[in-house]
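Asks: One letter stands for each residue in the lines below.
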Amino acid sequence: MEIIEKQSGTRPSDLIQALALTPQAIHRHLKSLLGKGLLERRGAGPRVRYFIAGKPQLQQVAGWYGARAAPSESPPDLICETRDSFAGRLPRLTKTGLSEDDQSLVIAAVGEIGNNSFDHNLGSWKDAPGCWYQIQVTGRRLWICIADRGQGILKSLARVDPTIIEAQSALTVAFEKILSGRAPERRGNGLKYVRNIITGSHHRGLACRSGSGLVDYGEFGMECRSELARFPESEGTVTLIVWSLK
Amino acid sequence: MRVELKKYGQILTSRPAGREAALAMKATVKPADDETIELDFDGVLSVGPSWLDEVLASLRAEYGTDRVVCLPTRNPSVIESLRVVDAP
Numbered sequence: 001m002e003i004i005e006k007q008s009g010t011r012p013s014d015l016i017q018a019l020a021l022t023p024q025a026i027h028r029h030l031k032s033l034l035g036k037g038l039l040e041r042r043g044a045g046p047r048v049r050y051f052i053a054g055k056p057q058l059q060q061v062a063g064w065y066g067a068r069a070a071p072s073e074s075p076p077d078l079i080c081e082t083r084d085s086f087a088g089r090l091p092r093l094t095k096t097g098l099s100e101d102d103q104s105l106v107i108a109a110v111g112e113i114g115n116n117s118f119d120h121n122l123g124s125w126k127d128a129p130g131c132w133y134q135i136q137v138t139g140r141r142l143w144i145c146i147a148d149r150g151q152g153i154l155k156s157l158a159r160v161d162p163t164i165i166e167a168q169s170a171l172t173v174a175f176e177k178i179l180s181g182r183a184p185e186r187r188g189n190g191l192k193y194v195r196n197i198i199t200g201s202h203h204r205g206l207a208c209r210s211g212s213g214l215v216d217y218g219e220f221g222m223e224c225r226s227e228l229a230r231f232p233e234s235e236g237t238v239t240l241i242v243w244s245l246k
Numbered sequence: 247m248r249v250e251l252k253k254y255g256q257i258l259t260s261r262p263a264g265r266e267a268a269l270a271m272k273a274t275v276k277p278a279d280d281e282t283i284e285l286d287f288d289g290v291l292s293v294g295p296s297w298l299d300e301v302l303a304s305l306r307a308e309y310g311t312d313r314v315v316c317l318p319t320r321n322p323s324v325i326e327s328l329r330v331v332d333a334p
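Chains as they are written, first to last, in the numbering used here: chain A, 1 to 246; chain B, 247 to 334.
If you are wondering where the hints come from, they were derived from the structure by calculation, not from laboratory data.
On a predicted model such as this, the values are computed, not experimentally measured, just so you know.
Careful, some of the hints might be misleading.
What follows is a list of derived Cβ distance ranges for each label pair [to be verified]:
no. : chain 1 : residue 1 : chain 2 : residue 2 : range
1   : B       : 333       : A       : 165       : 24 to 30 Å
2   : A       : 161       : B       : 269       : 39 to 45 Å
3   : B       : 308       : A       : 165       : 55 to 61 Å
4   : B       : 280       : A       : 84        : 24 to 30 Å
5   : A       : 85        : B       : 247       : 32 to 38 Å
6   : A       : 201       : B       : 256       : 18 to 24 Å
7   : B       : 276       : A       : 230       : 55 to 61 Å
8   : B       : 306       : A       : 101       : 23 to 29 Å
9   : B       : 282       : A       : 160       : 53 to 59 Å
10  : A       : 45        : B       : 269       : 51 to 57 Å
11  : A       : 161       : B       : 333       : 49 to 55 Å
Yeah, the Cβ is synthetic: ideal placement off N, Cα and C, and Gly gets one too.
Turn these sequences into a full structure, and let the hints guide you.
Replies: Rendered as structure tokens:
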């Protein structure tokens, strides 16, 4: 389990090599762990890989988010370069096994976060425009990751409130107080809405990282926090949401 | 006068989309002087507070706060959106 947790998908051959066990023994163990719901198998034949059930795969987005220079890899199916492209992909959330009420809330929350990327970074992208938008379903949990290589929440809010001087308090203000980085426009309630949704019921969680700041909300917020804590520090913003499908 | 929001889409998020919807409503919705404008959320899957804020602010500025009414709905995203949009 430890080996599988460290790798981004483990092949049986990796385990045979690492543990010096016979293929039969490894496959027996894997079958038992699959049966207990601790692992998930993806792919088939020689391309089969095993993952920890219920954990998202975030190595790719972490690499994109934390790249010092313009990221070399920008998968077109995960990057939304424009707001229209992001809006066009929001309905994917209707195919994840959520109830209609939960679809309504998740889509609205994810819509606020993704649109924030465009609202606050148009003309200020570090290099790659747009946001990373990825949905994963694993272990009866829906994980949604939205990341951008923008200017970050601190820079955006410090323009309207110069007393905000560090990333942690900027994130807290963003999620807990009505203050917009686009003043004098009347804005600033989107992330409060997202927080209300996440904390409004059990089995939900969210963490958001921007610069050196990191906040989490909801029952599963700590799980999201520990995933984002592994991301390299970057000026941009990354949000991870988890929603139970039970 | 009832405005069926499903005609503007099943998923209503983002301020630019809300502004555009409000402009379209003002161009087509022509209520009598004392008539209320009733926003009907039936058939809409999800509404974000940014979209709703733009629409309500624009319609209320044009017709007055009392004449713009959100019809009762069980859609949780609308209920939550109204909580933050109309928060004091």
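Asks: Next, verify each hint and record whether it holds.
Replies: Quick rundown of the hints versus the structure:
For the pair residue 333/B and residue 165/A, the beta carbons lie near 27 Å from each other, so the given range of 24 to 30 Å is met. Taking the beta carbon of each, residue 161/A and residue 269/B are about 31 Å apart, not inside 39 to 45 Å as hinted. Checked against the hint of 55 to 61 Å, the pair residue 308/B and residue 165/A fails, with Cβ atoms roughly 41 Å apart. Evaluation of the 24 to 30 Å hint for residue 280/B and residue 84/A yields a failure: the beta carbon distance comes to about 39 Å.
With their beta carbons about 35 Å apart, residue 85/A and residue 247/B fall inside the hinted range of 32 to 38 Å. For residue 201/A and residue 256/B, the hinted distance range of 18 to 24 Å is satisfied, since their beta carbons lie about 23 Å from each other. Look at residue 276/B against residue 230/A: about 56 Å separates their beta carbons, and that is inside 55 to 61 Å. The supplied range of 23 to 29 Å is met by residue 306/B and residue 101/A, whose beta-carbon atoms lie about 28 Å from each other.
Here the CB-CB span from residue 282/B to residue 160/A is close to 36 Å, at odds with the stated 53 to 59 Å. Take residue 45/A and residue 269/B: their Cβ atoms lie about 55 Å apart, and the range 51 to 57 Å holds. The supplied range of 49 to 55 Å is broken by residue 161/A and residue 333/B, whose beta-carbon atoms lie about 19 Å from each other.
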